[in-house]
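Using the sequences and the accompanying hints, generate a full structural model.
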Amino acid sequence: MSTKYKDKSVDIHAPGVEVKKSCCYFCHQNCGVLAYVKDGKVIKIEGDPNHPTNQGGLCCRGNIALQHLDHPGRINHPLKRAGEKGEGKWEQIPWDQAISEIADKLNAIKQESGAEAVAAAAGTLRTDDWSRRRFLNLFGTPNGFHNALLCWIPTFMMETAIGGWSPFETDLGAAKVVILWGFNPGASAMPGMRGYTDLKKAGMKIIVIDPRFSETAAKADLWLPVRPGSDSALALGMLNVIINEGLYDQSFVENWCVGFDELSEHIQQYSPEWAGEQTWLDPEQIREAARMYANNKPGCIQWGCTADQMGKASASGMQAREIMRAICGNLDCPGGDLMPGPSQDYITDEELEGNDFLPEEQKAKQIGSAKFKLTAWPGYSIIAKNCKEVWGKAPTAEWMCEAHGPSVFKAILTGDPYQVRALICSATNPINSYGDSKMTLEAIKKVEFLVVCEYWMTPTALYADYVMPIAGALERPVIHNNYGVTDSMICAERAIQPLYERHPDFNFWRDLSIATGAPADQWPWQELEDAFYYVTYPLNQKGYAHSSYNEFVQKFRMYYPPLHYYKYANGFATPSRRVELKSSILEELGYPSLPTWVGPAENEVDDPEVAKQYPLVLTTGGGFMPFHHSEEFNIQSLRFIKHEPFFTINPETAAKLGIANGDWCWIETRRGRIRQRANVEPSVDPRVIYAQRGWWYPERDPKAASSADQPFGCLESNVNVLTSVDDEHCDPIGGSWANRGLLCKVYKATVTDTFDTRFSIPGSSAEPGVTVKPSEQKLAFEPIPYDPKPSFEVPEGLTWDKDLKKAVYEPMNLVYDENSGWLYDPKTSVYYDLQTKYAYDPTNEVLVDEKGQQYDMTTKQPVEKGGK
Amino acid sequence: MSHMMHPNKLTRHYWVWPIAWYLFLGGLGGGTLFATTMLQTCGHAICELLGLGDYSGVVAQMFGPALALATFAGVVFLGVGSALLIFELGQWKNFIRVWIASTSIMKWGATFLVLAMVFGFVEFLFFLPPQWNLFWYQWIWLRDVCTALAGLFGFCVAFYTGCLLGTQKSKPFWNTPLLPVLFTVSAVSTATALVTILVGLWPAIDGETPFALQIANQIASPDYANQVVVMVIATVTGGITEVMHKADAVMVILEIILLLVYIICMRASGNLTAKRIAQTWISGSKSLLFWGGMLIVGLGVPLWLYLSEVPNAGLIAPVLILASGLLLRFLVLYSDGRQLIPGEEAYYAKLPKGNEEFLQPWKKPY
Amino acid sequence: MTRYAMVIDKRRCIGCQSCTVACRTWNNLPMDIIYNPVVSEGVQGKWPNVHQTFTPLLCNHCQNPPCVICCPCKATFQDDDGIVWVDPNKCMGCKFCVQNCPYGARDVSAAPEEGFARKCTFCKDRVRTAELPPDQRPEGWKPEDALPYCVNTCHQKARIFGDLDDPDSEVSKLVNGNTTTRLFTELGTDPQVYYIEENGGSVK
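Protein sequence lines correspond, in order, to chains A, B and C.
So the first sequence is numbered by the numbering used here: it starts at 1 and just counts up by one.
So the second sequence is numbered by the numbering used here: it starts at 1 and just counts up by one.
So the third sequence is numbered by the numbering used here: it starts at 1 and just counts up by one.
Some chain C residues judged to face chain B by a derived CB distance under 7 angstroms, without partners named:
| no. | residue |
| --- | --- |
| 1 | Asn100 |
| 2 | Val108 |
| 3 | Phe116 |
No wet-lab data here; the hints were simulated from the structure.
For glycine and all other residues, C-beta sits at the position ideal for the given N, C-alpha and C.
This is the structure in structure tokens:
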């Protein structure tokens, strides 16, 4: 009788099995995971039922942690390029040797071209990037960047500029309505979706704004299928209704807002009828949405990725939504949108970053910061200053204050504004996840020195000079605190030490930093746990007694400060200490201070010629199960569920174009074309195409002739071939590029069709090559000259400094303090008399001239020195 | 992962060619045992029919030897069918468990198969060359019992093959009382065809065999015995062939009617799966095999051959009928669609086919 | 008595297929085996008045399981608590049960070392730990350990598992307090997976 079947089931309760409180690491919700460890091996994982985020649930990705951990395709050792770039020949070398060789090369580049010639790219939060920032600051380059501009960061900065901190924490338990704006938790935020489902059952209204009948839209009370990219027009139209119908919170507006009258006047141009034309909605739907939100107080507006992915049409919507929350009185109140502020109780990421190490003159060299200011040093400096004054701490600089990624790639290709010679990529495959893939691929191929910190051999890693093996899920401790800008945190410990020669990226940056010459005492933490213990240590004061980070995780797992509302009692962290409906920070940066409509990157109203050739509207970038961005395409059990790319097209349009369900088709924009299979279903408007993001084919042989120009088929079905990073399409305020609301056409593919990898700047298939230097490229709108007028009379002999917004006495570099009537030296903080310019000596209460002669305070007559 | 994997449950056929052959051979083998038994039982009546008058009783005894090869073929086909059945098992070493107490219809099938084979084989042992003079030749009663039981269990096997499919309520195209009837008629029809081919071929009954002479001596003077034997065998063979051709023609007509009724009723079924599958027979993927292969070449042409006087019709027609019997089992077996749950089709259509590159063993990146 | 059953609240399911993957990993299933697909006909209707519903499938652990009675070699069983399961070492791989299940809940993998019928077991090894007296439960046992893993992993809590014979269990309350549907009841299988139907759609 056959007994060949071996029971492979694992007993998690067997003797000797340890339970580690780990977390999922396949998106940045970091759901709680219990890892069952026996003899140093993880034998099973499952969702942690006591974790506040997931309460035991795990999505598709969460469940494959063990397959990810020891996948045969993982990079387990440092690799040094042995053949030509992209040839795929590697030499395996020890970690320390790799670090020292990389450090030598970076130092040489710094010597020859300045530290700014070294840039660092990253993807989404799959890293401990305060350590990257610390390295970059110590090294001296301002050119670190993430995909941050597509994901929340511009929204965070806009909301913080207007209201003093982004009110991103929705207090749903007490809310009566929530707007899920361009957000599909049903496919991208499972734990959140459960909450919405529960609360809807309990009576909360859900408004979903999505051009697609998404998993979430299917459960909504009100669904507004907008034209992709027109969300800002909807926000402006809703704002118009709320103001004109008097649905706002009068007392909050009077007490806590400035600029309401200007706003009321400005918003008149954006009637629901106007918004209806832009959004393809019925004006009544817009009124209904505005009333549903404003009349069901308190309510929340949940941020969605769409907000940051509409290119030049992004900013006005962020502004309008923040204003909508404020004037409806939903800021930081029970059931509203809470502003957590930076943690007062533990060490924040910003405090770990060492931003003071970076000299001012290097900050000025940050690529893209002169154009897209809000999310770079110009905007961040102002916001950080206000936050420090009110909250005592600043937002994280990593993410919130970075170089403009696409501009860095353009700098690699054009040397404009200067040649970027080295690029360190960590947790990113920019070819698939940044815009205009053909251009990005060319930059990756061209950059002089490329280091990639990775799990996998991605198309980007293939062109690297060094590939560093990075520890992933279960191999690293994790603190989840929303990019370091919230006051709570949830912690996880490593289940096991990293396998092979993998290290967390923290060790990479620490080792590299010390190898490039940073003093070792700037990195007092040997391992991540040491650094994290430094973070949690102050919580000992709060009754969380622990003597190591792991002990904190085992005993407490998380820290939530007692929830408190109305934290703005002492004023919002803006220059006026009020919610600035008319934003002084935007004004200072040269942007419209009131939300002002700009059409999406390509649209039929502004670009009728383009619309003739490309009659359909493309939307993309939305998450879909089971993948995350361009990740997990190499996990068999996930790929099994969706192994081919699909775009969605309305049956009506498909019939007109002769496209049947399942047909391979080309989707083409002005920048190029990709192929995906048709999913014919009425979940989008007949004028709209929805294409899946992220696709590449990690299973393919990159050495095959067909793959040579675009390894792993990285341009074949990759929707970012279609997206635009042209400066004129980017949001001039926050720098977001355009994933949504682009114009495209669709047609059936044939077997003989070929790929075109030729790139161009600006993106165009018709004119390959660089036709415009980045510095000559125009923005969607020109900066508005900022000319602040003094609010006081400038005393004679002093001049008005627009940048400082102060009157100054130039001969002595003194600044006039209009409140006291004195001059002072900002460097020494010594005060000087306005008329005589004599210094004030607080010890003797006299004035002193440069020779040491003392003068009486009131008569200004010389006094004899005592005792002489 | 093997490239043999077939993740699409809806297009995957869990029972494939060995089962189709088994269904055919089971029907054919069982039907043959049934047919030979029936012929032997009715030998006297057939002789009467042939006008042998007083000699009927004696000549009828020649039926057994004349049909011996057919009996043997029936046993062999049952054996081959059983072997295929075991070959097709995922864990064949466990096949013996089929007789561990169970309620399964398959247990009955296995039992019928074994019994039919055993009794058929024992029956055949009596028709080994008479000159071997084996000791059991005298136990005529045993031969008769075995003949009867082989026929009975042979019929059960033939009938059972239809029941095996027909009792599956998960398969709307099979789950009808007509299927066992259709399979039984087809089994008897193919068996009849087989018998007409094999009758009288073995054992070689020539004038020298004592058994035949003994019979001949009863009806003629010793001088003419040899000629008489040859004549009798020819008469018996010819008689059986003629009767069986007629019988088969009737079976074929019956089978055509049953098939048409089956398809018409299925096409009109309220069950959408049954309807969809019937449509594939009428005008879809199986229509050429059904109309052209099954009805015209497999049944229509042999029927015409039986009824006409075409030379060699006696050989061509049975072969075509046997082929059509096999084709019927394939057509039915591959009509194994399950009633779908809404959405299943779309779901499985999007799954990989099994030969995709990402399902191959993963290559190390360096 | 105990009668295990599952309720699937289609109002909550979003078709993420987490259960599909979770089951695969928890039970070490070969790649071509799926115990619990989540199927959907896609978005239906005419833009913008459309709707969509997802149907998670799994073995129905029927009260009258056609797959058990048909097994010729007594390799599949239905226990007193209703759970239907296969002993792979007794199965001869004739696939008769696969053919007989009206729900497609059984399958045989083409992978090497396979060849026997496979099916969802309601994670019987997990769920039966609940029946142990508290002092005999393994160290570190928690109530979630006594749920089928697909129930545990479902973020949406669309799968609810429990004892139908216990009037206080959540499944009892849901089955008795709601209109539920079951699949192919006309076949007389008496399936024990109960669906609460979706009421969504773009028109509210």
